[in-house]
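K.L.:
Residue-level listing of the chains:
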Amino acid sequence: MREIEYREALREAVIEEMDRDPKVFLVGEDIGVYGGAFRVYKGLLDKYGPDRVVNTPISEIAIIGAGIGAALTGYRPISEIMFIDFATLAMDQIVNQAAKIRYMTGDSLNVPLVIRTQGGAGRGVAAQHSQSLEAWFYHVPGLKVVMPATPYDAKGLLKTAVREDNPVMFIEQKMIYLNKGEVPEEEYLIPFGKADIKKEGSDVTIFAYSAMVFEALKAAEQLEKEGISCEVFDPRTLVPLDEEALIESVKKTSRLVVVSEACQRGSIASDISAKVTDAAFEWLDAPIKVVAGLNTPIPYNSTLEKASTPDKKDIIDAVKGLL
Amino acid sequence: MSKLKKQEKISMLRTLLTIRKFEEKTIQLYQTAKIWGYLHPYLGQEAVAVGSCAAIEKDDYIVSTHRGHGHCIAKGGDLNKMMAELLGKSTGYCKGRGGSMHIADTELGILGANGIVGGGIPISVGAGFSCKFDKKGRVTICYFGDGASNNGVFHESLNMASIFKLPIIYICENNLYGISMCSKDSVACKNIGDRASAYAMPGYVIDGSDPEEVYKTVSGAVEHARKGNGPSLIEAQAYRFTGHHPNDPAEYREKQEVEYHKTEKDPVHNYSKKLADEKIIGSEELEAMEKEIQKMVDSSVEFAEKSPEPELDKFLEEVKNI
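These protein sequence lines map, in sequence, to chains G and R.
So for the first sequence, my numbering puts the first residue at 1; every next one is plus one.
So for the second sequence, my numbering puts the first residue at 1001; every next one is plus one.
One or more hints might be untrue.
Only pairs whose alpha carbons sit at most 30 angstroms apart, straight line, appear in this in silico DSSO-like list of lysine-lysine [said to hold, decoys possible]:
id, chain 1, residue 1, chain 2, residue 2
1, R, 1136, R, 1003
2, G, 23, R, 1135
3, R, 1135, G, 159
4, R, 1320, R, 1006
5, G, 174, G, 252
6, G, 47, R, 1136
7, R, 1089, G, 42
8, R, 1009, R, 1262
9, G, 251, G, 289
10, R, 1006, G, 47
11, G, 289, R, 1320
Which stretches of chain G does chain R cover? Using the computed rule of at least three CB atoms under 8 angstroms from a CB of chain R, they are [unchecked claim]:
id, region
12, 73 to 85
13, 272 to 279
Keep in mind that the hints were calculated from the coordinates and are not lab data.
Quick reminder that beta carbons are idealized off the backbone N, C-alpha and C, glycines included.
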């Protein structure tokens, strides 16, 4: 099968959905000639024109508001927030408006809005451009949270996000845009709430999402050589979460390591640990281990930056600690 | 812009009275704890909603505020569904989930009231894009208060609306107070309408107690927008007859100021008198109209009181899918 980059997979999803549905349009900063900060929208202004590729001033609140208002009136916008760190500027629109409108108006309005953004460390861009803020959105009822790791998942999930009738936080990771992976030529969609076992195994389940899937796979590969069989479980969507599949995997392995680039305090990883403890305590042969980022603003210096987020070695140590 | 016909003037008076009587009733119900939570009466500001909604069509959009009952009624909202919502009933506009600050009606282009001051202003930008893309000549009216005009969302939204020439009419209802903060102390420039010049759009400062002045100004702004010339900002100076909510004694206001507005600038009283003076409506006709409206408001309360509460079992099912 052909291999394409993560960002190319996203672009293909956008093109297919824009061609399929004239109500889909893009709104965000530097998405015109520039093609977006990570070039996901390269060439789209030429292809679709300025009414469908709306290049805005630096106005995060109005970018989300534009998405909400258009979504309320029959469109399916994709609002782009260049860095998830900047979503903090638009939190009222995301949390008080987009997430709640459908519920609080008694289903009379809905908000088919995709908010594409990216987060994560690894690029030396320090504390205000490297955060993993997915837990903020995971915490708010009314938002879907999607965090694909591979080009295949990115494409299939973005297409589903565009067709979803509720607001979706579609969170990418800045270090994996150039990763290549197999993506079929023919059209496909990936449903929300369906996890993917990235590697099967029998001794320990490693729960990882977004870029951490690759650290988990590297750890699993090395552990395999040492005779330890790990199952790498990628939820792909955090809301909705495929709890059933996770419990199944834990029942099989009886051990769980939860990995998260985000710092542990108040994290999704901690919540996953609580959920599994609650639902599958009797199946566990060891305590659940959370491997998460340090509770720190992400530092600039690359040695310090590397030390603030988990890597293969941290995961290997955690797995071995359970056996 | 067409001149108001006799029937249109009577219709505006009817809507003014409907809002007035509806709001008087909601205050009574609040005081007897049938309505709970927050209630922000529109008393005193009726002419802004009435004059502006008379200037647009059914398929145009409005984006409303926490003080939004008047906008909803003026855009054609159903009194029964509104009252049922205020009483938290399953037959309400929001099935009892939203209450006073979240009423919306897609059929009527009411894109929702809002509990966050300024929260609707960015949403109007999106509705404006929608109107522009659809090319059907639709417009969006965005209501907000003097308080919201000091919020950052105002700047981002008006700037964006202007650069994309979106067909939006920004109506700032300056009722002089953001809760207790007087706009004379909170707004750096003389008039909020003057802020339009920063966004290269027409700005107006008008008497918001006169429905015909509101109608005239908004009609002009609507025409400007429908022609593709972009947004306008209208500061409609009005006054809140009650405190921020019915339990607010509003001690931050001078008695004289309140009296002046209630006696000299009451939009309902003044417009009734104007139409009587112009011999458009007779005293008997007016009395009959008032009675009929009162009956309608009373029957909305009856409808709401008889309506069932939301079902708890259903709620517990619904939350599983959120």
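K.L.:
Please go over all the hints and tell whether each is borne out by the structure.
P.N.:
Here's how the hints hold up against the structure:
1. For the suggested pair residue 1136 (chain R) and residue 1003 (chain R), the alpha carbons sit about 23 angstroms apart, so the restraint of at most 30 angstroms is met.
2. Proposed proximity of residue 23 (chain G) and residue 1135 (chain R) is supported: the alpha carbons are some 13 angstroms apart, at most 30 angstroms.
3. About 27 angstroms separates the Cα atoms of residue 1135 (chain R) and residue 159 (chain G), which keeps this hinted pair within 30 angstroms; it holds.
4. The straight-line distance between the Cα atoms of residue 1320 (chain R) and residue 1006 (chain R) is roughly 54 angstroms, outside the 30 angstroms bound, and the hint therefore fails.
5. With a C-alpha separation of about 33 angstroms, the suggested pair residue 174 (chain G) and residue 252 (chain G) falls outside the 30 angstroms cut-off, and the hint is violated.
6. Taking the CA atoms of residue 47 (chain G) and residue 1136 (chain R), the gap is about 24 angstroms. The hint holds against a cut of 30 angstroms.
7. Distance hint between residue 1089 (chain R) and residue 42 (chain G) is unfulfilled; the C-alpha atoms sit about 50 angstroms from each other, more than 30 angstroms.
8. Using a Cα cut-off of 30 angstroms, the hinted pair residue 1009 (chain R) and residue 1262 (chain R) holds, with the two alpha carbons roughly 22 angstroms apart.
9. Straight-line distance between C-alpha atoms of residue 251 (chain G) and residue 289 (chain G) comes to about 16 angstroms, which keeps the hinted pair within the 30 angstroms bound.
10. A hinted pair counts as satisfied when its Cα atoms are at most 30 angstroms apart, and residue 1006 (chain R) with residue 47 (chain G) does not qualify at roughly 52 angstroms.
11. Taking the CA atoms of residue 289 (chain G) and residue 1320 (chain R), the gap is near 28 angstroms; set against the 30 angstroms cutoff, the hint holds.
12. Coverage of the region 73 to 85 of chain G by chain R holds [criterion: at least 3 residues with CB-CB distance below 8 angstroms; count 4].
13. By the rule of at least three residues with a Cβ nearer than 8 angstroms to a Cβ of chain R, the coverage given for the region 272 to 279 of chain G is violated, with 0 such residues.
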